[in-house]
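J.: In numbering that gives the first Met the number 0, the protein residues as written are 0 to 416.
Note that these hints are calculated values from the structure, not bench results. Hints may be right or wrong, so weigh each one.
Here are the simulated distance ranges between beta carbons [to be verified]:
id	residue 1	residue 2	range
1	G26	T195	33 to 41 angstroms
2	I133	A187	34 to 42 angstroms
3	Q201	R283	32 to 40 angstroms
4	G295	V396	30 to 38 angstroms
5	I133	I410	42 to 50 angstroms
All of these numbers come straight from a predicted model, not from anything done at the bench. For glycine and all other residues, C-beta sits at the position ideal for the given N, C-alpha and C.
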Amino acid sequence: MKGFMRATEIDTRMLGMIGALLVIWIGFHILSGGTFLTPRNLWNLSVQTASVGVMATGMVLVIVTRNIDLSVGSILGVTGMIMAVAQTQYLTPMLGYDSGLVWLATLLVGLVCGLLIGSLQGFIIAYLGVPAFIVTLGGLLVWRGAAWWVASGRTIPLTDDNFKLLGGGSDGSIGATWSWILAAVAVALILLGAFTARRQRQRFNFAIKPMWAEAVTVGISVVAVVVATMIVNSYLLPGPLARRYAEARGIEVPEGGLDISFGYAVPVLLFIGVGIVMTFVARRTRFGRYVFAIGGNPEAADLAGINTKRVTLMVFALMGMLAAVAAAISTARLSSATNAQGTLDELYTIAAAVIGGTSLAGGAGTIAGAMLGALVMQSLQSGMVLLGMDTPLQNIVVGAVLVVAVWLDTIYRRRAA
């Protein structure tokens, strides 16, 4: 077994998380009477994971630099409220109800607000020397209060249908055809990536995997893409929604009805896109290398000439922007902005990053792990809802899982040392 793991270069911690996720899924499927592992529930699970998952990718970099951000849930709440107010009171009247620019302008407003909030907190942490725990704890209270103040406690409904597509739903998905097209592109990119990586290793005389190991890892990735696409395409529009869809597009409805697949939801594609970009930033850019260098040894990074203060500010600014993206997804899914939006999301985001293998000691963590951790957290929450568990009990389970995850991380670090 060790020889297999060494040859395929599969991360044992990632494999353990996948195993834990499968155990959770199978357990909830049995306990819920066979309703958990259905296309409908898995599709909804993917949509529900997107918001926290987007923030978890940024939280990895924050924790890697030996910091913490307790304010992301409140930043989500205030940026979501600002986007809703800007859209309903300013952008829609100015640009028109049928304008295709409203959703883009709304998203831009949210991103700018998230960037400014994150930059402000990063400046206080990096240049004024206030601990991140204190700054973001204060931010948790300040931005939550600001969310209430922006709309005087009111719920603000969205007016732009294009913006609502970011939240998923029957209109916010791409259908079976485009889902298979994206799957084909993903498979092609997986094959191209494996071929390119192997060529690069040969070019620089690095050790390369045996061909069978390469085939196994690529095969697993391809099967995962195909199975995921089959699942989302197996979730069909209900009869009334299918008829409405057909009427809006001039499609004749046969007597037996139409079988129209949801396909991949827009927020899920946005989540995956953010994950790919953040993986590139963390692994392939100078900024990403600086982040891990600072987390590994801040003093050595400073002596090496890295501007640690500027990198820290940039990390929190990026976290603020990702919270704004999550706010757009959450607000669009609810079709409105509420004062309670994002409450406790900071805990789920931190838990997702830690469960995904990000060390609270800093210097270690992966974006893919955090994305998988977000799926684990949402699976727990979704499964407990299906079982009818009360919210306080759900919080107890989530808290216990977080503590166990950190304990297991501590054991892993000790053995690795």
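J.: For a quick check of understanding: which of the numbered hints are violated here, in increasing order?
T.: Those not satisfied are hints 2, 3, 5.
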